[in-house]
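Novice: Here is what each chain is made of, one letter per residue.
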Amino acid sequence: MSETMPIPLLIRLDDYTPVLGEPEVAELRTLASRLQMRTVQMVNSTAMGGGVAEMLNRLVPILQELGLAIRWEVITGGNDFYEITKAFHNALHGGPYTMPPESFDTFLAYNEQNLLRLQMEAEFIVIHDPQPAALIRARRDHIGHWIWRCHIDLSHPNLTVWGFLEPWVKRYDGAIFSSAEFARHLPVPQYLFYPSIDPLSEKNRDLEPQFVRSILERFSIDPKRPILTQISRFDRLKDPLGVVRAFQIVKRYFDCQLVLAGGGASDDPEGEAVLSDVREAAANDPDVHILNLPPWSATEINALQRGSTIIIQKSLREGFGLTVTEGLWKSKPVVASAVGGIPLQVIHKHTGLLAHSVEGTAYQIRFLLSNPAIAERLGQQGREYVREHFLITSSAKRYLTLFLHLLSES
Amino acid sequence: MQRAETAFQFKTVSYLLRIGSEMATTLAQLKQGLESCSDASIFNHTFQTLSRHHFLTQGFSNDFAQWVLASCNRPELAEHLASLDIRDYLSLAELRADLKRLVSEYCEQNPQQAEQSAFEPFFFYEAIGVEVPLEMEAWTLEEFRNGLEKLSHASFHFHFIASRLRLQLRTNDFSYWLESRLGLGTLARRVNRIDIYTNTLQSALERIISLIEKELDS
Chain A
6 MSETMPIPLL IRLDDYTPVL GEPEVAELRT LASRLQMRTV QMVNSTAMGG
56 GVAEMLNRLV PILQELGLAI RWEVITGGND FYEITKAFHN ALHGGPYTMP
106 PESFDTFLAY NEQNLLRLQM EAEFIVIHDP QPAALIRARR DHIGHWIWRC
156 HIDLSHPNLT VWGFLEPWVK RYDGAIFSSA EFARHLPVPQ YLFYPSIDPL
206 SEKNRDLEPQ FVRSILERFS IDPKRPILTQ ISRFDRLKDP LGVVRAFQIV
256 KRYFDCQLVL AGGGASDDPE GEAVLSDVRE AAANDPDVHI LNLPPWSATE
306 INALQRGSTI IIQKSLREGF GLTVTEGLWK SKPVVASAVG GIPLQVIHKH
356 TGLLAHSVEG TAYQIRFLLS NPAIAERLGQ QGREYVREHF LITSSAKRYL
406 TLFLHLLSES
Chain B
319 MQRAETAFQF KTVSYLLRIG SEMATTLAQL KQGLESCSDA SIFNHTFQTL
369 SRHHFLTQGF SNDFAQWVLA SCNRPELAEH LASLDIRDYL SLAELRADLK
419 RLVSEYCEQN PQQAEQSAFE PFFFYEAIGV EVPLEMEAWT LEEFRNGLEK
469 LSHASFHFHF IASRLRLQLR TNDFSYWLES RLGLGTLARR VNRIDIYTNT
519 LQSALERIIS LIEKELDS
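Quick mapping for you: the protein sequence lines, in order, are chains A and B. Residue 6 is where the first sequence starts when you use our numbering, and the numbers rise one by one after that. Residue 319 is where the second sequence starts when you use our numbering, and the numbers rise one by one after that.
Hints are computed from structural coordinates only; laboratory data are not their basis. It is possible that some hints are incorrect.
To be verified - Label-pair restraints from in silico Cβ distances:
no. : chain 1 : residue 1 : chain 2 : residue 2 : range
1   : A       : Ile379    : B       : Glu394    : 37 to 47 Å
2   : B       : Pro451    : A       : Met53     : 36 to 46 Å
3   : B       : Ser339    : A       : Pro377    : 40 to 50 Å
4   : A       : Glu207    : B       : Gln327    : 41 to 51 Å
5   : B       : Leu485    : A       : Asp110    : 52 to 62 Å
6   : B       : Leu408    : A       : Asp110    : 54 to 64 Å
7   : A       : Leu321    : B       : Met341    : 14 to 24 Å
8   : B       : Ser401    : A       : Ile379    : 20 to 30 Å
9   : A       : Arg223    : B       : Lys329    : 47 to 57 Å
10  : B       : Glu460    : A       : Arg223    : 49 to 59 Å
11  : B       : Ala415    : A       : Ser375    : 39 to 49 Å
What the hints assert, rightly or not - From the derived model, a few chain B residues whose C-beta atoms are all more than 10 Å from chain A:
no. : residue
12  : Gln320
13  : Asp406
14  : Glu455
15  : Thr458
16  : Arg484
17  : Leu485
Predicted, not measured: the structure shown is a model, and the values here were computed from it. Built from N, CA and C at the ideal position, the CB exists for glycine as well.
Could you build all of it, start to finish, from the sequences and the hints given here?
Specialist: Right under this line is the structure:
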């Protein structure tokens with residue numbers, strides 16, 4: 006049924022010292038010194054693919070190296086379970102729920118089945134997302150600290166599904182959300198934990214300028230002229246058509262290029278339609294580079310971001326927007342929509358520029374192209390902001406602080 | 319070298335952010351939130367702002383001022399809020415009273431603007447601190463300088479900025495120790511005069527280290 010994931014140990018905590026500085030790494034060790042061999046279980050529903058698994062792949066080894074006795078468990082289920090949890094996911098984002106009423110029993114039965122294999126006896130148990138939320142029924146006599154980490158936006162959930170999940174969530178000692186906007190009113194303490202990126206991953210590690218240039222040239226992008234880039238899957242909510250329109254306005258004033266790079270068009274009919282519309286809107290402009298990249302293109306995306314003059318994220322709706330975090334980390338000036346988690350990262354005129362329309366996006370891009378010194382300052386401040394708040398080491402620090410806080414409360 | 323009778327114990331603090339029950343989409347709601355939010359929330363949106371944005375040297379005094387400017391487009395009120403200097407306050411109650419007064423006065427004088435919707439809502443968060451002593455202490459000025467060189471931003475903020483609320487004095491942990499334990503009153507006052515609004519935390523720390531080095535050289 007469920008499986009315990011082997012913990013990868015390729016990157017060591019010391020590898021983060023050049024990124025964070027010695028005092029910050031030492032502080033992590035100090036905080037962890039009070040949690041030596043305390044038991045922790047992280048539970049989610051997938052070992053690979055998706056942001057949560059990607060984050061746990063990095064977070065769990067860090068916490069283990071810091072001396073916590075941590076285990077990462079992945080629940081499993083049949084196709085029917087995953088169909089139900091996918092329907093849950095869409096419904097919690099506000100969509101309709103069309104599964105039959107007995108789907109709730111099936112959901113609970115799979116949670117129960119997982120409990121037969123899992124030993125839920127750690128001192129700190131962190132359950133990620135709705136799929137394993139009902140595991141809390143294993144809790145006896147309020148032993149251990151149970152936390153529900155919700156990675157999705159619950160601001161406008163389908164009430165049938167939320168009505169089913171809420172009683173389970175209320176049994177936890179606390180809940181963690183990525184933004185106050187994504188949270189619900191609950192009778193348990195709710196904490197804010199930002200999502201994070203790993204500065205040492207393929208997508209974010211430093212690259213040699215020569216390599217960046219070679220990637221640009223491979224995609225026939227001219228490194229000598231300004232490059233405006235949006236990295237996103239081809240999805241209407243990312244508004245790639247709006248980006249093309251903004252670019253067309255900017256191009257009246259500046260000789261520049263647009264890169265729209267992402268995936269999701271090969272296995273998704275809607276993505277294919279969006280891609281086709283974007284190509285039509287670009288009208289064979291040789292300065293618009295539309296790159297439908299395969300999922301294993303992390304290094305290429307890294308290089309495209311690093312080679313860009315400005316990073317755009319003109320989403321109509323957004324979760325947290327980790328592509329914005331990635332752009333900021335690379336010291337790039339960012340022009341982004343004020344939606345979802347983006348304003349948490351892009352503080353207008355401090356770490357980037359926010360816009361609310363196609364015309365506004367175009368104006369902010371023109372402003373930055375006219376004022377490279379301001380663009381550079383925003384980029385540098387954006388990187389510092391990410392260093393402080395949105396790196397995987399910050400996530401580790403938040404968990405250590407939460408565990409220490411829960412211990413002090415009990 | 320002079321040795322203090324009591325060592326300086328370096329500590330650090332790490333903060334959790336708890337989502338509060340208050341939020342504001344208008345200035346009138348900000349006023350209500352300021353009345354009902356917890357002290358931990360006032361602390362988070364004023365004292366902690368300097369820690370979260372420690373690399374900025376201008377235009378970011380506290381979260382309330384930033385929201386009023388960026389989301390409500392009310393630069394006059396934003397300026398007034400930004401001009402509150404946390405070094406003038408020894409209690410969060412006093413700081414809250416002044417924040418409330420400024421927002422209330424503006425709302426009374428500008429009733430229409432008070433009800434206008436902001437671009438983005440303001441969410442009140444509480445800062446919950448967990449203090450941990452570092453394995454570092456200083457008995458002499460040289461040891462103190464060596465300790466400062468190893469401090470994280472959080473630890474520096476804890477000793478240099480948030481300390482006023484703990485000490486209930488218009489000083490900071492460093493100056494207090496330098497004066498009361500080593501008798502270095504002049505150095506203590508110079509350290510206390512460093513402007514935390516026009517420096518980054520890092521540059522403020524470097525200035526303190528530089529002042530101590532001058533003292534050691536003399």
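Novice: The structure should be examined with respect to each hint, and the outcome stated for every one.
Specialist: Evaluation of the provided hints:
| no. | hint | result |
| --- | --- | --- |
| 1 | A:Ile379 - B:Glu394: 37 to 47 Å | violated, 24 Å |
| 2 | B:Pro451 - A:Met53: 36 to 46 Å | holds, 41 Å |
| 3 | B:Ser339 - A:Pro377: 40 to 50 Å | holds, 44 Å |
| 4 | A:Glu207 - B:Gln327: 41 to 51 Å | holds, 42 Å |
| 5 | B:Leu485 - A:Asp110: 52 to 62 Å | holds, 59 Å |
| 6 | B:Leu408 - A:Asp110: 54 to 64 Å | holds, 59 Å |
| 7 | A:Leu321 - B:Met341: 14 to 24 Å | holds, 23 Å |
| 8 | B:Ser401 - A:Ile379: 20 to 30 Å | holds, 25 Å |
| 9 | A:Arg223 - B:Lys329: 47 to 57 Å | holds, 52 Å |
| 10 | B:Glu460 - A:Arg223: 49 to 59 Å | holds, 56 Å |
| 11 | B:Ala415 - A:Ser375: 39 to 49 Å | holds, 44 Å |
| 12 | Gln320 | holds, 26 Å |
| 13 | Asp406 | holds, 24 Å |
| 14 | Glu455 | holds, 14 Å |
| 15 | Thr458 | holds, 21 Å |
| 16 | Arg484 | holds, 17 Å |
| 17 | Leu485 | holds, 22 Å |
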